[in-house]
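*Asks:* Okay, here's what each chain looks like letter by letter:
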Amino acid sequence: MSLGIFLGAAALYFVSVILYQVYLVSTQVKFGAWAFRTLLGGWVLHALFLIAYIADSGSLPIATTFHSLVLYAWIVGIAFWVLEIRYGYGTWGAWVTPLILIGFLLGGLAILAPTGPARFLLLRPLLVAHVSSSFLAYGFFTLAFVSAMLYLAQDYILRQKRPTTLHYRLPPLEATENLGRILSALGLPCMTLALITGSMEAEQAWGTFWLWDPKLTLALVTWVIYMGYFYARNGLHWRGRRAAWLLVLGFVVVLITYMGSGVLFSTVHTS
Amino acid sequence: MEIIVVGLNHEVAPVEVREKLALPEPSLREALISLAQKAGQGDGPLAEGAILSTCNRVEIYGLAMDSQEGWNELVGFLGSTCQIPFQDFENYLYLYSGEEAAAHLFSVAAGINSMVIGENEVLGQVREAYRLASAEKAIGPILSRLFRKALRVGKRARTETGISRNASSVSSIAVELAKSIFGDLSTCRVLIIGAGEMSEQALRRLMASDVGEVLVINRTRSKAESLARECGGRVIDFDRIGLALWQADIVISSTAAPDAVIHVPQMRDAIYMRRNRPLFIIDIAVPRDVDPEVGKLENVYLYDIDDLEHLVQANIDMRRKEIPKVEAIVAEELREFSAWYQALDVVPTISDLRQHADQIRQAELDKALRRLGSLDQRQQEVVKALAIGLVNKILHNPTVRLKDHANGRRGYQYAEALRELFGLDAPEGKSGKKV
Numbered sequence: 453m454s455l456g457i458f459l460g461a462a463a464l465y466f467v468s469v470i471l472y473q474v475y476l477v478s479t480q481v482k483f484g485a486w487a488f489r490t491l492l493g494g495w496v497l498h499a500l501f502l503i504a505y506i507a508d509s510g511s512l513p514i515a516t517t518f519h520s521l522v523l524y525a526w527i528v529g530i531a532f533w534v535l536e537i538r539y540g541y542g543t544w545g546a547w548v549t550p551l552i553l554i555g556f557l558l559g560g561l562a563i564l565a566p567t568g569p570a571r572f573l574l575l576r577p578l579l580v581a582h583v584s585s586s587f588l589a590y591g592f593f594t595l596a597f598v599s600a601m602l603y604l605a606q607d608y609i610l611r612q613k614r615p616t617t618l619h620y621r622l623p624p625l626e627a628t629e630n631l632g633r634i635l636s637a638l639g640l641p642c643m644t645l646a647l648i649t650g651s652m653e654a655e656q657a658w659g660t661f662w663l664w665d666p667k668l669t670l671a672l673v674t675w676v677i678y679m680g681y682f683y684a685r686n687g688l689h690w691r692g693r694r695a696a697w698l699l700v701l702g703f704v705v706v707l708i709t710y711m712g713s714g715v716l717f718s719t720v721h722t723s
Numbered sequence: 029m030e031i032i033v034v035g036l037n038h039e040v041a042p043v044e045v046r047e048k049l050a051l052p053e054p055s056l057r058e059a060l061i062s063l064a065q066k067a068g069q070g071d072g073p074l075a076e077g078a079i080l081s082t083c084n085r086v087e088i089y090g091l092a093m094d095s096q097e098g099w100n101e102l103v104g105f106l107g108s109t110c111q112i113p114f115q116d117f118e119n120y121l122y123l124y125s126g127e128e129a130a131a132h133l134f135s136v137a138a139g140i141n142s143m144v145i146g147e148n149e150v151l152g153q154v155r156e157a158y159r160l161a162s163a164e165k166a167i168g169p170i171l172s173r174l175f176r177k178a179l180r181v182g183k184r185a186r187t188e189t190g191i192s193r194n195a196s197s198v199s200s201i202a203v204e205l206a207k208s209i210f211g212d213l214s215t216c217r218v219l220i221i222g223a224g225e226m227s228e229q230a231l232r233r234l235m236a237s238d239v240g241e242v243l244v245i246n247r248t249r250s251k252a253e254s255l256a257r258e259c260g261g262r263v264i265d266f267d268r269i270g271l272a273l274w275q276a277d278i279v280i281s282s283t284a285a286p287d288a289v290i291h292v293p294q295m296r297d298a299i300y301m302r303r304n305r306p307l308f309i310i311d312i313a314v315p316r317d318v319d320p321e322v323g324k325l326e327n328v329y330l331y332d333i334d335d336l337e338h339l340v341q342a343n344i345d346m347r348r349k350e351i352p353k354v355e356a357i358v359a360e361e362l363r364e365f366s367a368w369y370q371a372l373d374v375v376p377t378i379s380d381l382r383q384h385a386d387q388i389r390q391a392e393l394d395k396a397l398r399r400l401g402s403l404d405q406r407q408q409e410v411v412k413a414l415a416i417g418l419v420n421k422i423l424h425n426p427t428v429r430l431k432d433h434a435n436g437r438r439g440y441q442y443a444e445a446l447r448e449l450f451g452l453d454a455p456e457g458k459s460g461k462k463v
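Taken in sequence, the protein lines are chains A and B. With the first sequence counted from 1, adding 452 to any position gets you the numbering used here. With the second sequence counted from 1, adding 28 to any position gets you the numbering used here.
None of these hints come from the bench; they were simulated from the model. One should not assume that every hint holds.
[What the hints assert, rightly or not] Below, a list of computed lysine to aspartate or glutamate pairs in the DMTMM-like style, where the Cα atoms sit at most 20 Å apart:
no., chain 1, residue 1, chain 2, residue 2
1, A, Lys-613, B, Asp-345
2, A, Lys-482, B, Glu-188
3, A, Lys-613, B, Asp-334
4, B, Lys-183, B, Glu-147
Please construct the entire structure, taking both the sequences and the accompanying hints into account.
*Replies:* Structure follows, in structure tokens:
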């Protein structure tokens with residue numbers, strides 16, 4: 453059954469990716485509308501897939517980094533469609549949906565075809581709070597990164613003044629800048645909560661509230677960067693390109709924090 | 029009967045010649061009235077007429093017994109209406125007849141015969157020409173159908189291809205760029221420095237896109253005031269440009285000043301006061317009003333007239349690529365129109381009428397025979413003969429009389445009436461196959 457749901461969600465996500473690319477090129481509204489609907493459909497099946505996993509195994513899919521991609525992709529999905537309903541910027545879906553699709557495929561395949569020993573952690577409230585807030589933060593910061601990249605792309609195209617029609621298919625600068633601001637504003641409290649709940653977990657697991665372990669340190673650095681982003685925006689009045697590059701930097705650190713363990717560094721933190 | 033057209037456009041005639049032949053509305057109406065009178069004469073060469081007159085073209089469409097006579101008639105008409113000797117313009121005219129004439133009108137309506145490819149104005153002009161010709165009764169059923177078809181071609185070209193898709197003028201490109209930066213323009217303030225045709229056009233387009241407040245600056249206070257009145261804006265003193273710059277999100281500059289009016293230090297201050305909110309500047313002036321170094325500042329987007337014109341040209345080049353698709357639409361609609369037009373001939377009309385009647389006869393006959401149930405052979409023969417006789421007798425007169433009119437100029441009118449009244453054609457706009 454899980455396989456069926458997985459394939460269904462993957463198919464819908466795939467169709468959505470295609471439709472968003474078509475919408476980007478063709479400008480006809482119907483493509484954008486259908487792209488959104490198929491994304492939503494895929495996301496609902498994705499949710500079912502997650503629920504099935506949790507029900508089956510009694511734990512969140514965090515056994516390995518690959519497994520957790522399923523949760524990550526799901527959060528990126530919900531953040532995207534909620535923002536779409538609120539703002540309807542449309543064409544940025546062409547970049548977001550492939551991310552969701554790839555995350556879902558990699559994570560789902562890892563879950564359905566397990567290759568190594570998997571560790572399951574029981575659903576304790578503190579753990580759930582820590583994992584959810586971390587992934588929410590990752591998801592929001594990822595979308596902030598996408599919007600920052602789109603800002604930089606649009607800015608580049610406008611400055612080049614080279615004839616291309618892409619400039620009116622990308623969301624306007626004001627839109628992508630707005631998204632960056634909102635997504636960071638959503639992500640920062642989640643990151644704060646993740647650090648707090650994480651440190652409470654640390655106390656229970658290792659007897660201390662903090663360790664200068666690579667993963668924990670990187671998480672703190674991430675938090676500092678996004679705090680820095682808000683200070684730069686509101687205090688220094690940074691906008692536009694500079695602010696966007698901060699979001700890009702933040703995402704690089706997020707990536708390293710999220711996926712670096714085992715690859716770039718070893719850590720006492722679980723995956 | 030043939031469709032003919034006589035005219036000139038921006039491609040073949042210089043503006044001095046076109047000016048002399050242009051027909052603004054009151055004279056256009058009079059011309060149509062006299063064209064209607066000519067068409068009304070039972071024995072003249074013309075049966076119908078319509079006039080299309082814009083700043084880029086003057087064309088007279090007609091329906092004539094013979095194309096050569098028709099052309100002569102129209103050329104003479106043009107000369108006498110505009111009071112110009114025939115020799116002054118005869119070399120600039122183009123003359124088309126038949127399918128070529130129809131294809132020409134379709135191309136015009138689709139915008140591929142215009143100075144700016146894909147422009148939308150021409151479609152409205154064709155519609156207006158049709159409306160006026162109908163109002164003055166100069167146009168008849170054939171040219172009506174031609175014009176309606178042309179309007180359809182115009183609409184199809186614009187919805188099915190990209191012929192009118194991208195911005196093709198400096199002012200519409202400016203608005204597009206503003207939207208790429210700001211999205212919703214209603215929260216943006218526009219500052220217009222100086223005056224001029226292009227900047228006022230850009231301003232008008234921005235206002236049509238719901239832009240917010242308008243600020244006007246001009247060295248001459250009275251000019252600033254009159255522009256401000258026109259667009260509901262505020263006037264700002266010329267020496268307070270710096271102040272205005274930090275309030276405005278979009279700046280349109282086109283003064284006659286020989287030097288730059290906006291410099292980097294002013295701009296830096298403005299950006300600082302604006303807390304780095306983006307600023308979009310369109311510098312239409314030649315020589316330029318804005319120091320080009322300003323464009324390198326962060327959060328400032330500066331476009332001068334060259335940049336804008338390059339973009340326009342790129343868009344027009346993209347439109348040109350759509351021309352083959354539009355030509356395909358023109359060819360398709362032309363086929364349909366030709367099929368309809370040829371069927372107007374008396375012979376196919378008679379045969380279609382016959383076919384129509386026979387279908388009804390057969391259907392009614394079958395129904396009656398079923399209800400009558402068991403009839404013997406003789407009784408059946410009588411019933412069948414009744415049906416045939418009725419149809420033949422009723423159709424006899426129309427058929428014979430239509431044949432009589434076949435070669436006269438009335439023939440097509442009667443054929444058209446017959447087709448219309450008996451519903452012999454598929455509805456307009458669908459394929460030309462007969463029902």
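*Asks:* Taking each numbered hint in turn, which are not upheld by the structure, reported in ascending numerical order?
*Replies:* none
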